[in-house]
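**Student:** Given the coordinates of chain S, work out where chain C should sit on it, guided by the hints.
2 protein chains.
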Amino acid sequence: MPSPNPKGQSHELHVSELDVIATTGSTYPLQKKFQTAEFLRSMPHLRVRIPFNTALLRLRSKVIAIITKSLSDMEFVQTHTPVITSSDCEGAGEVFQVDLATKQESKNEGQCFFRSPKYLTVSSQLHLEALAHALGNVWTLSPTFRAEKSDTSRHLSEFYMLEAEMNFVNSMHEVMSIIQIITAAVIRDLYDSQTGNVILSRGPLGEQELRQRWDGLMQERWKCITYTEAIKILQSSSHTFKYEPKWGSSLQAEHERYLTRALGTTNSNCISPIFVTHYPKAVKPFYMLPSEPTKVGLETVECFDVLVPDVGELAGGSMREHRLEPLLNSMFINGLIPNLAPSDQELRDLKWYVELRKWGSVPHGGFGLGFDRLLSYLSGVPNIREVVTFPRWVGRCDC
Amino acid sequence: MPSPNPKGQSHELHVSELDVIATTGSTYPLQKKFQTAEFLRSMPHLRVRIPFNTALLRLRSKVIAIITKSLSDMEFVQTHTPVITSSDCEGAGEVFQVDLATKQESKNEGQCFFRSPKYLTVSSQLHLEALAHALGNVWTLSPTFRAEKSDTSRHLSEFYMLEAEMNFVNSMHEVMSIIQIITAAVIRDLYDSQTGNVILSRGPLGEQELRQRWDGLMQERWKCITYTEAIKILQSSSHTFKYEPKWGSSLQAEHERYLTRALGTTNSNCISPIFVTHYPKAVKPFYMLPSEPTKVGLETVECFDVLVPDVGELAGGSMREHRLEPLLNSMFINGLIPNLAPSDQELRDLKWYVELRKWGSVPHGGFGLGFDRLLSYLSGVPNIREVVTFPRWVGRCDC
Chain S
1 MPSPNPKGQS
11 HELHVSELDV
21 IATTGSTYPL
31 QKKFQTAEFL
41 RSMPHLRVRI
51 PFNTALLRLR
61 SKVIAIITKS
71 LSDMEFVQTH
81 TPVITSSDCE
91 GAGEVFQVDL
101 ATKQESKNEG
111 QCFFRSPKYL
121 TVSSQLHLEA
131 LAHALGNVWT
141 LSPTFRAEKS
151 DTSRHLSEFY
161 MLEAEMNFVN
171 SMHEVMSIIQ
181 IITAAVIRDL
191 YDSQTGNVIL
201 SRGPLGEQEL
211 RQRWDGLMQE
221 RWKCITYTEA
231 IKILQSSSHT
241 FKYEPKWGSS
251 LQAEHERYLT
261 RALGTTNSNC
271 ISPIFVTHYP
281 KAVKPFYMLP
291 SEPTKVGLET
301 VECFDVLVPD
311 VGELAGGSMR
321 EHRLEPLLNS
331 MFINGLIPNL
341 APSDQELRDL
351 KWYVELRKWG
361 SVPHGGFGLG
371 FDRLLSYLSG
381 VPNIREVVTF
391 PRWVGRCDC
Chain C
1 MPSPNPKGQS
11 HELHVSELDV
21 IATTGSTYPL
31 QKKFQTAEFL
41 RSMPHLRVRI
51 PFNTALLRLR
61 SKVIAIITKS
71 LSDMEFVQTH
81 TPVITSSDCE
91 GAGEVFQVDL
101 ATKQESKNEG
111 QCFFRSPKYL
121 TVSSQLHLEA
131 LAHALGNVWT
141 LSPTFRAEKS
151 DTSRHLSEFY
161 MLEAEMNFVN
171 SMHEVMSIIQ
181 IITAAVIRDL
191 YDSQTGNVIL
201 SRGPLGEQEL
211 RQRWDGLMQE
221 RWKCITYTEA
231 IKILQSSSHT
241 FKYEPKWGSS
251 LQAEHERYLT
261 RALGTTNSNC
271 ISPIFVTHYP
281 KAVKPFYMLP
291 SEPTKVGLET
301 VECFDVLVPD
311 VGELAGGSMR
321 EHRLEPLLNS
331 MFINGLIPNL
341 APSDQELRDL
351 KWYVELRKWG
361 SVPHGGFGLG
371 FDRLLSYLSG
381 VPNIREVVTF
391 PRWVGRCDC
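Residue numbers (my numbering), protein chains in the order written: chain S, 1 to 399; chain C, 1 to 399.
Everything labelled a hint here was simulated from the structure, so no lab data went into it. Fair warning: there could be bad hints in the mix.
Here are some chain S residues pointing at chain C (derived, C-beta under 8 Å) [what the hints assert, rightly or not]:
1. A22
2. Y28
3. S61
4. V77
5. Q78
6. V95
7. K118
8. A130
9. A147
10. S150
11. R154
12. L356
13. S361
14. V394
Quantities reported herein were computed from a predicted structural model and do not represent experimental measurements. Just so you know, even glycine gets a beta-carbon here, dropped at the ideal spot from N, CA and C.
One chain only, chain S, in its complex shape (with noise of 0.2 Å):
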């Protein structure tokens, strides 16, 4: 009922009859005071019941919900790529490997489920091509594995990535766009929540910050740098680097921290995302596009990455390479095949993904972003394992 002092509060709630369901014990966790991360990071099946986060688990959803509309809307068709794989697709090699239990195995010592070892997906990527090839426009929404024995607070063993695949496309700007429409529409649509609203008032990142990091999401333009000129402003700065920036090398997460700080900032009510474009081919995967030949040495592909303050790298895309000789030679240079013309067999479990190029092609391009770094760089949480209910990272799988 209506609150008799309104000023104080709104409402007074009037209990007439009380009904009690369930009771819990005065030992019971999760008591009315400050608990460490850490702590509550033992319990996860328990600190969702913690108000904060479960507004983390309603921001998820509302995510979910409001990126599936906005992709539908554009005609993206939603797929389901496969989680067990045959093949790596980043050629990293840090992948998880999955089989029959060890329990049933013993009967038939090494033979396996699915004839031969199988690993959990690092990128449904290569699969959204072969559908893009189909449908036009594909995006999914999948569980993603690395067996990165990283222990740090961007990285998880297992996360969620939304992939979008792109066909009939001469630019990569077409496919950095569609990023920024996305990521536009969560804010427009948070700002409008109750959900939004918990988060902002809520977060340990303080409203001012966070209202900065959404408006800079909502930005017609984010700044767009080549990896040339990123490299440039680096060694031109005073600031003094753990590694050195050196054109070839892969930027660290010290550079991509400078970076996002100097230029995402434009004024002081927003920080927006930076596009970093055209790393050098030698540091990227096999299937990027070259871009036009520069210098003999320098050469670079039509890729980029989108940054973040604190989180870094939240998306990345490139135009993949469509043209059939191109990707064999690529393939050669990367120590993928032994020879120019390979067998069948010498293309082993990359034979499918060629024969996308050999039985028609179009120019296409996609992008992968970390959905649960959006989640953390949305909600201000630091680390990213607090983002997820139950994540799994080197020597932690609980529940």
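**Tutor:** Then chain C, alone, in the frame of chain S:
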């Protein structure tokens, strides 16, 4: 432009310029002639280019979008439950194990990435229960895994399950009604869509039978019988079964087939799913809530299956045992714990699940619906391997 002969076709395409982007040779494997499903299954990356297979992918996308909206409208929170888990929900034991790829393991033979063996999830239910205790009604559409060596048209090793869990639910009829609301929403929207029309008119089953199925899914009341009644119907039938129907045994596929044909076809215009409820406690998992006691030796649980022709079990659900003592009792009877007052160590991987009750629970229940089976039923495609682009089953994990 408009056709000069509008009776034959509404429009004509006049080409003024043609740009060949890519060519395929004359050996293109998808020649314009009849190809068997088995032949097409050997090239999943290409068979999606066949128009009806493309329509199946659009159907999947459409159904995901409708269900997402429908559940969101009912204020269910969408969640992501983990794929890599410690516990085996069904106690079936037919699980895949996950660990580092062998090549990396050599250095530390026998040491697990997650410290102890972990498995691919067989159901999200237990984790959904934890989330429901914090959020109220929750759902997920997640990949699920079974290492069964089944080579049938209804089973896959990797498939998508739509699972929901509801809190403060006093009767499983509330849970059952959600399934009806969702499927009715799917059919309503499909009838209004281009995708739906393509499926109806080009499906392998024929438009009339598909319409019967679709109309049946929209019927307000699906027939609902108890397991005990089902056994009586089977026993009094003149049909000869391979497996004798007997109270206490699971229903076989042939039993389910008979029941759906006998009870689902209420009139010539539609074929409805049927609910079979109250299965014997002994054939169901430990977490199901017992029914009110009837005769000793005939104990049943508050559960239901949804059966449809051809596909068989489309969904299943139950009320969950939410009281601590009876849950421990059921775990003891099922051999999961050595005594009725187990130590934390004896509770092992189910400690957290028991704690959901120990620290306050409420009456709740939920269901799981085989998403790929739903698509198979909706499209009339008899083999579930054709509704999944990259199907995985024993011995098969192509691409």
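**Student:** Against each hint, give a clear statement of whether it holds in the structure.
**Tutor:** Each hint, compared with the structure:
Checking A22 of chain S against chain C: minimum C-beta separation of about 5 Å stays under 8 Å; hint holds. Checking Y28 of chain S against chain C: minimum C-beta separation of about 6 Å stays under 8 Å; hint holds. A distance limit of 8 Å between C-beta atoms decides the matter here; for S61 of chain S the minimum to chain C is near 4 Å, and the interface restraint holds. For V77 of chain S, the interface hint holds, the least distance from its beta-carbon to any beta-carbon of chain C being 4 Å, beneath 8 Å.
Below 8 Å, beta-carbon pairs count as interface contacts, and Q78 of chain S has one with chain C at about 4 Å; its hint therefore holds. At a threshold of 8 Å, the smallest CB-CB gap from V95 of chain S to chain C is about 5 Å, leaving the interface hint in force. Because the closest C-beta pair between K118 of chain S and chain C is about 5 Å apart, less than 8 Å, the hint holds. Annotation: interface hint on A130 of chain S holds; nearest CB of chain C at approximately 4 Å, less than 8 Å.
Annotation: interface hint on A147 of chain S holds; nearest CB of chain C at approximately 5 Å, less than 8 Å. Restraint check, S150 of chain S versus chain C: the minimum CB separation of about 12 Å is more than 8 Å; hint violated. This hint is violated: R154 of chain S has a C-beta 18 Å from the nearest C-beta of chain C, more than the 8 Å allowed. Interface restraint check: L356 of chain S against chain C, minimum CB-CB distance 6 Å, threshold 8 Å, status holds.
A distance limit of 8 Å between C-beta atoms decides the matter here; for S361 of chain S the minimum to chain C is near 5 Å, and the interface restraint holds. For V394 of chain S, the interface hint holds, the least distance from its beta-carbon to any beta-carbon of chain C being 6 Å, beneath 8 Å.
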